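**Q** Sequence:
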Amino acid sequence: MKAFVFPGQGAQFPGMGKDLYDKWEDAKALFLKADEVLGYSITQVMFEGTEEELKQTKVTQPAVFLHSVAAALCLRGQGVSPRMVAGHSLGEFSALVAAGALDFEEGLKLVYARAMGMQEACERQPSTMAAVLGLDDKVVEEICAAVAAEGHVCVAANYNCPGQIVISGAVEGVNEACGRMKAAGARRALPLKVGGAFHSPLMMPAKIKLEEAINKAVFHTPSCPVYQNVDAMPHTAPDEIKKNLVAQLTSPVRWTQSVKNMVADGADVFTECGPGAVLQGLVRKIAPEVTVEGCQAGC
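Quick note: the sequence shown, position 67, residue 66 per numbering that gives the first Met the number 0, numbers continuous.
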C-alpha cells in the first residue's frame, strides 16, 4: 500500500523545482499560479535565489509547499496515487492539498499566512531549536520539563525517529537543556540554525492568526486518510483536520508515531514528494522493513 509523505522547512535548496517546471506542463502551470497568488515571482527565487534568500521563513514555506504539491501532481498524472498521506510540520499542508482536502490556491494562501505569522512570532522573542541524538524520548521530555519548571520555555518539538528529537523554546532554556542532555548521555545536543522556536508555546501569536485564516478557508473530505502531526492518527473529517492543523503550531510533530501507525495500517511503500530526502532517511530508521523512494522514481 503506497503512502505519500511531504517534507517541511529545511528541505529547500537553490534551483528547487526547476526540473519539474521544465518537464511537466501541469507543474509549470502550478508555479505560474503561485507567482500570481503571492504577488511576486517565487519561481524566480526558487530557481535563481541564494541559500540565504531561500532560508527566509516567508519564502521557504511557500517554496517547499509548491515543490511538494507539484511533485505529487506529476505522480498522479502518471497514475500513481497514495492510499494515505502525511506531512512533516509544514508538509502537512502539502499532504492535505495532495489528498484533495484543500485546493492548491487555498493551501498556498494558508501556508503564506502561517509563514508570516511564524516569522512575526520569532521576532518577538529570541528563541531557537536543537537536535538531540541518542536519548530516549522520556529522558528528553523529563529534562525539558525540569528546565521549563525553572521558568524557561523548553519542549520536545519534533519526534523525528527513535533516538532523534528536536527541542524548542527560549534561547536560555534550549541552551540549558542541551547541557543537561549531554550530561544525561546524549551523543549530540546541537542548536539548529532556525529562526525561532517552532512547535512550542512561543508560536501562540502565529497560531491565533493561522486559526483565523483556517476558519475562513474551505476544506473538503480528502480522497484518503491524512495522518496528522498532533496525534499521529488518520483523519478524514474536515472539522477535525482544521482543528489539528491549528493545534500543530504549538504542539509537537509526532513523526515517529505517524509512520509507525501508517505501517500498522498497511503502508509498505513510502514516496517522499518534495525537495530533499530527509523523510526517506527518517522512515528507514523508523520502519526498516518498508520500501522508501523519492518522487524521482515516478517524476
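One or more of the hints may lead you astray.
To be verified - The list that follows gives simulated cross-link-like pairs (lysine to any residue, SDA-like), each with its CA atoms no further than 25 Å apart: (1) 108 - 160; (2) 181 - 161; (3) 108 - 55; (4) 137 - 115; (5) 215 - 13; (6) 108 - 217; (7) 108 - 52; (8) 137 - 187; (9) 137 - 108; (10) 206 - 79; (11) 259 - 212; (12) 54 - 123; (13) 259 - 215; (14) 108 - 259; (15) 206 - 288; (16) 22 - 12; (17) 57 - 181; (18) 17 - 36; (19) 108 - 211; (20) 108 - 53; (21) 259 - 50; (22) 1 - 14; (23) 284 - 203; (24) 57 - 208; (25) 32 - 21; (26) 54 - 288; (27) 108 - 181.
If you're looking for bench data, these hints aren't it; they were derived computationally from the structure.
All values derive from a computational prediction rather than experimental measurement.
**Q** Hints first: check each against the structure and report whether it holds.
**A** Cross-check of the supplied hints:
1. A distance of roughly 30 Å separates the Cα atoms of residue 108 and residue 160; the hinted pair therefore is violated under the 25 Å criterion.
2. Between residue 181 and residue 161, the direct Cα distance comes to roughly 17 Å. Compliance with the 25 Å bound is thereby established for this hinted pair.
3. Between residue 108 and residue 55, the direct Cα distance comes to roughly 17 Å. Compliance with the 25 Å bound is thereby established for this hinted pair.
4. For a cut-off of 25 Å, the pair hint linking residue 137 to residue 115 is broken: about 33 Å separates their Cα positions.
5. A C-alpha spacing of about 33 Å is found between residue 215 and residue 13, which places the hinted pair above 25 Å, so the restraint is violated.
6. Distance hint between residue 108 and residue 217 is fulfilled; the C-alpha atoms sit about 12 Å from each other, no more than 25 Å.
7. For the hint pairing residue 108 with residue 52, the CA-to-CA distance comes to about 20 Å; that is within 25 Å, so the pair holds.
8. In summary, the hint linking residue 137 to residue 187 is supported, as the alpha carbons are separated by about 16 Å, within the 25 Å threshold.
9. The hinted pair formed by residue 137 and residue 108 fails the criterion: a straight-line CA distance of about 37 Å is larger than 25 Å.
10. Proposed proximity of residue 206 and residue 79 is contradicted: the alpha carbons are some 34 Å apart, above 25 Å.
11. Pair hint residue 259 plus residue 212 does not hold up; C-alpha atoms about 31 Å apart against a cutoff of 25 Å.
12. A C-alpha spacing of about 19 Å is found between residue 54 and residue 123, which places the hinted pair at or below 25 Å, so the restraint holds.
13. Note on residue 259 and residue 215: the hinted pairing is violated, with a Cα-Cα distance of about 33 Å set against a maximum of 25 Å.
14. Of the pairs offered as hints, the one joining residue 108 and residue 259 is violated, with about 31 Å between alpha carbons and a cut-off of 25 Å exceeded.
15. A hinted pair counts as satisfied when its Cα atoms are at most 25 Å apart, and residue 206 with residue 288 does not qualify at roughly 37 Å.
16. The suggested pairing of residue 22 with residue 12 holds, with an alpha-carbon distance near 19 Å, which does not exceed 25 Å.
17. Proposed proximity of residue 57 and residue 181 is contradicted: the alpha carbons are some 33 Å apart, above 25 Å.
18. A threshold of 25 Å between alpha carbons decides the hint, and for residue 17 with residue 36 the separation of about 19 Å falls inside it, so the pair holds.
19. As the CA atoms of residue 108 and residue 211 are separated by approximately 12 Å, the hinted pair is consistent with the 25 Å bound.
20. Restraint check for residue 108 and residue 53: the C-alpha separation of about 18 Å stays at or below 25 Å, so the hint holds.
21. The straight-line distance between the Cα atoms of residue 259 and residue 50 is roughly 33 Å, outside the 25 Å bound, and the hint therefore fails.
22. Restraint check: the Cα-Cα separation between residue 1 and residue 14 comes to about 28 Å, which exceeds 25 Å; the hinted pair is violated.
23. Taking the CA atoms of residue 284 and residue 203, the gap is about 32 Å. The hint is violated against a cut of 25 Å.
24. The straight-line distance between the Cα atoms of residue 57 and residue 208 is roughly 15 Å, inside the 25 Å bound, and the hint therefore holds.
25. A threshold of 25 Å between alpha carbons decides the hint, and for residue 32 with residue 21 the separation of about 15 Å falls inside it, so the pair holds.
26. For the given pair, residue 54 sits about 34 Å from residue 288 by alpha-carbon distance, which is inconsistent with the 25 Å threshold.
27. Of the supplied pair hints, the one linking residue 108 and residue 181 is violated, its CA atoms being roughly 41 Å apart against a limit of 25 Å.
In this structure, the earlier hints numbered 1, 4, 5, 9, 10, 11, 13, 14, 15, 17, 21, 22, 23, 26, 27 are contradicted, and the remaining ones agree with it.
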